[in-house]
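Here's the letter readout for the chains.
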Amino acid sequence: MKTLIIENKKEEIIATANRMRWKIGDNLHDSIIESIYKDAEEIASKVVTRSGEKPKFDVDRFIDKLVTSKWTGFPIMFLILAAVFWITIVGANVPSAMIASLLVDTMHPWLKQIADGINTPWWISGILIDGAYLAMAWVISVMLPPMAIFFPVFTLLEDFGYLPRVAFNMDGIYKKVGAHGKQALTMSMGFGCNAAGVIAARIIDSPRERLIAIITNNFSLCNGRWPTQILIATIFIGQLVPAYLAGFASAAAVVAIAILGIGFSLLVSWGLSKSVLKGEASAFSLELPPYRPPRIMQTLYTSLIDRTIFVMWRAIIFAAPAGVVIWLVANIQFNDLSLAKYFVDWTNPYALFLGLNGVIILAYIIAIPANEIVIPTILMLTVLTVGMQGVGADTGVMFEMENAADVATVLHSGGWTVLTGINLMIFSLLHNPCSTTIYTIYKETGSWKWTMISTFLPIAMGLSITFLITQVWRIFN
Amino acid sequence: MTLDNKITHMNSNCVTCPAHNLANLVKLGIDMSETDYVVALAGNPNTGKSTVFNSLTGLRQHTGNWPGKTVGRTEGAYSYGNKRFKIVDLPGTYSLLSTSTDEEIARDFILFGQPDVTVIVVDASRLERNLNMVLQVLEITDRAVLCLNLIDEAKRHKLIVDDRLLSKNLGIPVVPAAARQGTGIPELLKAINEVATGQYVCKPHRISNDIKNVSSAVDELNQKLSVQFPDLPNTRWIALRLLEGDQSVIDAVRSGEIGNLKAAERTGE
Chain A
1 MKTLIIENKK EEIIATANRM RWKIGDNLHD SIIESIYKDA EEIASKVVTR SGEKPKFDVD
61 RFIDKLVTSK WTGFPIMFLI LAAVFWITIV GANVPSAMIA SLLVDTMHPW LKQIADGINT
121 PWWISGILID GAYLAMAWVI SVMLPPMAIF FPVFTLLEDF GYLPRVAFNM DGIYKKVGAH
181 GKQALTMSMG FGCNAAGVIA ARIIDSPRER LIAIITNNFS LCNGRWPTQI LIATIFIGQL
241 VPAYLAGFAS AAAVVAIAIL GIGFSLLVSW GLSKSVLKGE ASAFSLELPP YRPPRIMQTL
301 YTSLIDRTIF VMWRAIIFAA PAGVVIWLVA NIQFNDLSLA KYFVDWTNPY ALFLGLNGVI
361 ILAYIIAIPA NEIVIPTILM LTVLTVGMQG VGADTGVMFE MENAADVATV LHSGGWTVLT
421 GINLMIFSLL HNPCSTTIYT IYKETGSWKW TMISTFLPIA MGLSITFLIT QVWRIFN
Chain B
1 MTLDNKITHM NSNCVTCPAH NLANLVKLGI DMSETDYVVA LAGNPNTGKS TVFNSLTGLR
61 QHTGNWPGKT VGRTEGAYSY GNKRFKIVDL PGTYSLLSTS TDEEIARDFI LFGQPDVTVI
121 VVDASRLERN LNMVLQVLEI TDRAVLCLNL IDEAKRHKLI VDDRLLSKNL GIPVVPAAAR
181 QGTGIPELLK AINEVATGQY VCKPHRISND IKNVSSAVDE LNQKLSVQFP DLPNTRWIAL
241 RLLEGDQSVI DAVRSGEIGN LKAAERTGE
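So the protein sequences, as listed, match chains A and B. The opening residue of the first sequence carries number 1 in our numbering; numbering runs sequentially from there. The opening residue of the second sequence carries number 1 in our numbering; numbering runs sequentially from there.
Careful: at least some of the hints might be erroneous.
What the hints assert, rightly or not - Residues of chain B placed beyond 12 Å of chain A at every Cβ, according to the derived structure: (1) Ser125; (2) Arg164; (3) Glu194; (4) Gln228.
Claimed, not checked - 20 Å max Cα-Cα, derived SDA-like pairs, lysine to any residue: (5) A:Lys176 to A:Phe74; (6) B:Lys158 to A:Arg61; (7) A:Lys9 to B:Pro230; (8) B:Lys190 to B:Tyr94; (9) A:Lys23 to B:Gly245; (10) B:Lys190 to B:Arg206; (11) A:Lys176 to A:Ile63; (12) A:Lys10 to B:Thr101; (13) B:Lys155 to A:Leu267; (14) B:Lys168 to B:Glu194; (15) A:Lys9 to B:Glu194; (16) A:Lys175 to A:Leu267; (17) A:Lys10 to B:Val201; (18) B:Lys224 to A:Arg61; (19) B:Lys27 to B:Asn82; (20) B:Lys27 to B:Lys155.
Unchecked claim - Stretches of chain B that chain A covers, calculated by requiring three or more beta carbons in the stretch to come under 8 Å of a beta carbon on chain A: (21) 77–88; (22) 180–193; (23) 247–256.
Rather than coming from a laboratory, the hints here were simulated on the basis of the structure. Remember, it's a predicted structure, so these values are computed and weren't measured experimentally. Glycine included, C-beta positions come from ideal geometry on N, C-alpha and C.
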């Protein structure tokens, strides 16, 4: 009885508030804000004084005028983007080869020897050394050098204060397609990691616009996909131009794919805001923070230790079991044919129709946990299905190529053309997010429906677009 | 003498010495066991909350020069004097009134998380706009410290902020700092400690009472609330939120959760 009375009293308070709210009208919110602003202004005017004149030449203003101008803003943005990739592509080559020769050419045979020495059954050393270990070794040698360059450079830009200027430039475009201007920021975060970009969408107030930002974040090429883009661009685009231009052509191709991704994120945002997520773009204020000289040493430390190692560790954790799966599908046989071969033969006709091939499809299924291992998986499966001699040693062994030319040899003998390369780059941009991102989307939206849409929409787009490209290509060739 | 002994020995000498406050600081990272006080870090975006957080806890929470970098809550700990402090880095927000997820996280923690001290980090070169947020925090809690951060940038823009006058106006301690350089951190630690232990009693500024047409409504609700929840520290603010139709406050009243919010003075002891 007593609790009932208390319950009633609580409800009575709420009811009173509701009744009064009707009487007061909508002005209360404004009045409160008004009196807060008034007090803030009063206090600030009392305690802040200016000593001397404002300096005539303001560096911040000058830089801002350049990087946010209608005419120079975008070109500067693309140049900075291209420079970051160029540094990454060129700088990562040598260390990548060095790590590979250590982990794969030296360590792998050595581990095999030890395993043989202690009479390990062939399938155990196969699963552990040829599967799990090689997958990890490959991921480390392909990913560590570009990440160790890309992350610090990107973090320096971030520390300096350039990201909000990117958002400032893009804001108008995002608004035009019915999305939130701050989506430009979450998109930039997605260039590092889509899961991080999805979480960053919390800065967007309206649930409608936040959903759009979450669904379209996958169109930002994430760091797990950069190596694929860079390698395929180097092999198939770099070879179309004279050797001295190859580096620039490859970097340009990667930038083109990244910009295409931005284009798709705008297109899909527009489509969503005109259909299932109808609504007006809401206004917001974007603060352009002062430029701050980046603290070089600290940035290097945090981006290397926290970001690079963190992402690396995640990739390794996912690569090991994937390596086991690859080894198994390549070694479990029915009627003298491996599971992998069955799948590839079965999907090949459909995949070729789309300008891809069965190997790529299987690789993307195995690589759902982490996009980073797509390329090693593709190489291993190609060797396996083509039955090349001399490379790749045993069945189901992921191997390291000495350089891009070796990779090219394998892919060409697997029937790859420039068309396959372009389509792989497109498909790498447009396919389902990795499992971590899918899980993050579910956690952030709390909805299976939107999680499924975010997962399957890009695949549908990727398949349709590679199909279109293939048809057009075949008409002209 | 072992190292541990040495530290204890040093501490016993330094506790009373105001010049060696940093010697009292032990960065505990993520070890948040048995903390005595909870400190919340609030403020506008991009004012350096995460930098302050890092210099207190020794953690390396990623910092970046753009608004909206911290979207969730990050927690860490440090010990100062003989007390252990848990510190919570909240997302940077421009206000605590609207309903985006990051503002809700910040607001709910300051209101329902009942931190012993809320440190409001502000950009000294943009004081007026930052004060809007400060005043909103002071509507909710009466134990706060203002960290007047980025004074180096304010100086670069030829701005002088009278921190003592500001402290007098706001009724809370004001500590000028440049967290990126580590300036002001010892003073900040001292101020947090003083407010947490009750050595400094805040008399927070509250926004003027004469909001048009509503004072009678606020008074009536205020009265009902204080009868129902006698321990509630700031019934006037709750009344205003109810009048505005703030759903999470309405829910808290309905569930009675709001009754668990006691005046800070009573929980501290």
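Practice problem: Kindly indicate which numbered hints from before are broken by the structure, ordering the numbers from low to high. | Solution: Those not satisfied are hints 1, 2, 4, 8, 10, 11, 12, 13, 15, 17, 18, 20, 21 and 22.
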